[in-house]
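Protein sequence lines, in the order shown, are assigned to chains C, L and P.
Residue 1 is where the first sequence starts when you use our numbering, and the numbers rise one by one after that.
Residue 1 is where the second sequence starts when you use our numbering, and the numbers rise one by one after that.
Residue 1 is where the third sequence starts when you use our numbering, and the numbers rise one by one after that.
It is worth saying that the hints were derived from the structure and are not from the lab.
Any given hint could be a false lead.
Straight-line alpha carbon distances no greater than 35 Å define the calculated DSBU-like cross-link-like pairs of lysine-lysine that follow [said to hold, decoys possible]:
1. P:Lys-300 <-> C:Lys-243
2. C:Lys-243 <-> L:Lys-166
3. L:Lys-61 <-> C:Lys-282
4. L:Lys-216 <-> L:Lys-166
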Amino acid sequence: MPQYANIAVSILFDGLAYAMFLFITSVGLSVTMGLMNFVNLAHGAFAMIGGYVVVSLTRSYGVGFVPSLIIAAVLVALISVRFERRLYRRFYRATDLEQVLLTIGLAFMAIATFTYFYGPIPKSVPLPDWLQGSVNLGFRSFPAYRVFMIAVGAALIAVLWYGFERTNVGAMVRAAVDNRRMAESIGINVDRLFTLTFALGSGLAALGGGLAIQLLGLNPNFALLYLVLFLIVVAVGGLGSLKGTLLAALVLGIIDTGGKYLLADAGGFFIYAVTVIVLLLKPAGFYGRE
Amino acid sequence: MTAAALEVRGLNRNFGALKVTRDVDLTLERGARRALIGPNGAGKTTLVNLITGLLNPSSGKVVLGGQDITALSQAQRARRGIARTFQINQLFRGLTVLENLCLAVGERDGHCNNLWRATGARRVVIDEALDYLAALRIVDDALKLVRELPYGRQRLVEIAIALAQKPRVLLLDEPAAGVPSSETHLILDVVANLDPDIAILIIEHDMDVVFRFARKITVLVAGAIFTEGTPQEIMANEQVRAVYLGQEGHRVGGGVRHG
Amino acid sequence: MAASEKSRELAATGARERAAGYLVGRHRFRPAEALPWLLAIAAFFLFPDRMTFGNQALIMVMFALSLDLILGYAGIVSLGHAAFFGVGAYTVGLLIARLDWSEPLSSLLAAAMLSGLIGFVTGWFILRYRGLTVIMLTLATAIMLQEAGNLRSDISGGYDGLPGLVISPLFGIFDYDLYGHVNYLYVLGVLAVIFYMVRRIVYSPFGQALTGIRENVRRMHAIGSPVHRRLVTVYTISAAIAGVAGALFTQTNAYVTLTVFDFDNSAKVMVMLILGGTGRLYGAFIGAVVYMMLEDHLSKLSPTFWQFGIGLLLILAVLFAPRGLLGLVEEISRKSWRRGRAGAARRLIWKGEHWTVLAGSAVDGAAIGFIVGFAANFGQAHLLSEYIASLPGRALAFTCFGALVATAINAIYLAFTSRAAAEDRGS
């Protein structure tokens, strides 16, 4: 295979794996922001907590990697429900600024707490044998872990798509995102719906955080470092849109990976440039309501 | 021949497949006293939003004093003399009543372009603002924050702001809605005593008010103009009764006696 | 009849005069306003060995003041205000390092103009939108500038920065001493000039229009205000001031690195402003100084606790003092004037539902404490059974602690909200 084609395939493949991480972590944020217009800057903290639960479970309690991911997702989902019920709920009608302050405060506290217990040094996670090494897909071999991430991402997209487009609950969520007051007047309990999606979104964020350890490393600053990326994916994709989030994750994931491959110095410049251009052309994002 | 104060020609507005405003033609002469009535969801507020520029029409044009203003923004239209009140109060809730009025006067006369001279240094502006409050008898509330006032009082501030713009065309979207009946007469008296040169369009559900105030009535049904005429003609119109007035026939009757 | 008419008229003029008098006198300087400046001068004589800290505090006051102009008055939520601080800082740094231009005052002017220009251009695009889009785009502005600097690290010096920047003596006479004495007076002087300008703007009709935009942008459009122009104007001014603050930062520290563009810097200035109180000028003073003093003491003690503390502070501020320390002081003094002790007893009678909320929060706190304790056992227990066996120790303590903290926070919150509700009913 020629050199440039090889690089192109690598960019596409790594970009795809990265995009899956972005999608899994951001999709919950998108739906909850679309439903309640709630600016949740603590979303990254849920991903970070998920990552540390996985680290603790695998390292200290000897649980396998995949079961740890599932436990982390469920655990964080449960915790997030209580947060939503006790704290967030009071701020749905608050101003953007108050929501920003509250959730940034939570993120700071989470970072400090986890720095205290785990230290600032990045953690890694022991992987089972079948996730190490590489997989040969006929024309080329790829790192097994990234193949795994893409597979998980694809499976989740399928499940979410089915849930969102084909089930009753999904229809209710779509209706509520579209027009909250109308949805309420036809008897949809938007509050409960929100708790449910919030839990799901936080659980997925935790899953994303667990999956990202191997790819990006995990330290407590994860909560704010990648939050900006999640927000960008949400804003570019359009609030509350599954399709938009997926598209934005793919575009941004592949562009970022490509930029880093081809122009290492440019760092994150491309991703922000793309964000600014998209938002200037379509302020509501790819699939957002104008 | 002088141009009409406001002319609307072939105005359409669609929300997706839904046609909210359909081929509306409307002319307000100078000093017009017009009522716009119609069942809920007829698109009355949408029409006002199209005239003021809060919404852009899908097609058609809006002409103010002979000048096409369709392409102008809301603020540009306001500066050319269109003022409105909102169906639900849109006020500066965290500011005092007096500051609310000073802002309207200041923006009208371009004082707000001044970054250096203090607001308080212009006594003329403050005095004019107080005049509007005096006209609506709310001088005593001048230093209260708007959010501390009862809703009915806030409604008066809403009207005072519109008046402070010294409009040529004034659009009142249910000015008495939410005001206790003991205070509605205050609002209506003020409206009745406005400068006879101002063209006024009022959206109102209370037929008493409509028949007392309006010299001409426009009936809007499902986004289109259903009919137009003097109060007597509208009252006599069997179709209007069927479509709209029928459900409130007893109130129309009351209006006739008073009128 | 005529007499009562006359007296009513008199009363009406009285009300008019009172109302007008309030606006007419509002912008005049009050004696109390001298206090912060006197304190700043007193600090010069009382703490001659802490001038470096004083410099940083004054610079942050200026930075917070610039944010107050857009956030507190115009209501623009920016998470990227460090962009302009950074542009100002780099203007001075590059002038010295690359062009050998080290005259301080003209450098300040250049910094103000360049950051103002960038504020104008970005603001012109960004301020057409509201809400999340603005937050995102301001954030992206700062990061893009940082990445651009990194891209051309041959010019900017990258994250290693531009060290050893020496500025010329002020007015060609006063040399900057090692202890920052001249510097302190220089920064204080610049701050005074800027503060005077900001104060004039805030009390001008333009400033009033900004509060109008913050309070209700819809109404502003309806009364014919050129909202976009107003916002871009204030954003440009604010950017220029932030640029001056950044320029002073470079001048007093004699170095600059790309970290000035950090999100942390944007977040920090916002925390300061919120802490002091938005939309009230002196909030920037109190917020920045209190924050810097806390940081000075606590972050030396433990950066981790300090970060936790800021987070907690933000949450408490949003829950209990949305108008900052100054707002809190005002509110408390106002309330204690208005109501005596009768109200206090009424406030303490709580409804039954409060107790269920408290019980719920105790359970939540316990659960979170348990999980944290569970996670904290990293490297100590290897099985769930071992963990349960160690319960009486560490984890139990965490559980109790979590329950206690959550209950306490909720109790205070309920006390506040039920009081507010009682007052709503009362009025």
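To see whether the hints hold, each was checked on the structure:
1. P:Lys-300 <-> C:Lys-243: Not OK: Lys-300 (chain P) and Lys-243 (chain C) at ~47 Å, beyond 35 Å, violated.
2. C:Lys-243 <-> L:Lys-166: Given pair Lys-243 (chain C), Lys-166 (chain L) is violated - Cα atoms ~49 Å apart, limit 35 Å.
3. L:Lys-61 <-> C:Lys-282: Given pair Lys-61 (chain L), Lys-282 (chain C) holds - Cα atoms ~27 Å apart, limit 35 Å.
4. L:Lys-216 <-> L:Lys-166: holds (23 Å)
Hint compliance for this structure: hints 1 and 2 are broken, all remaining hints hold.
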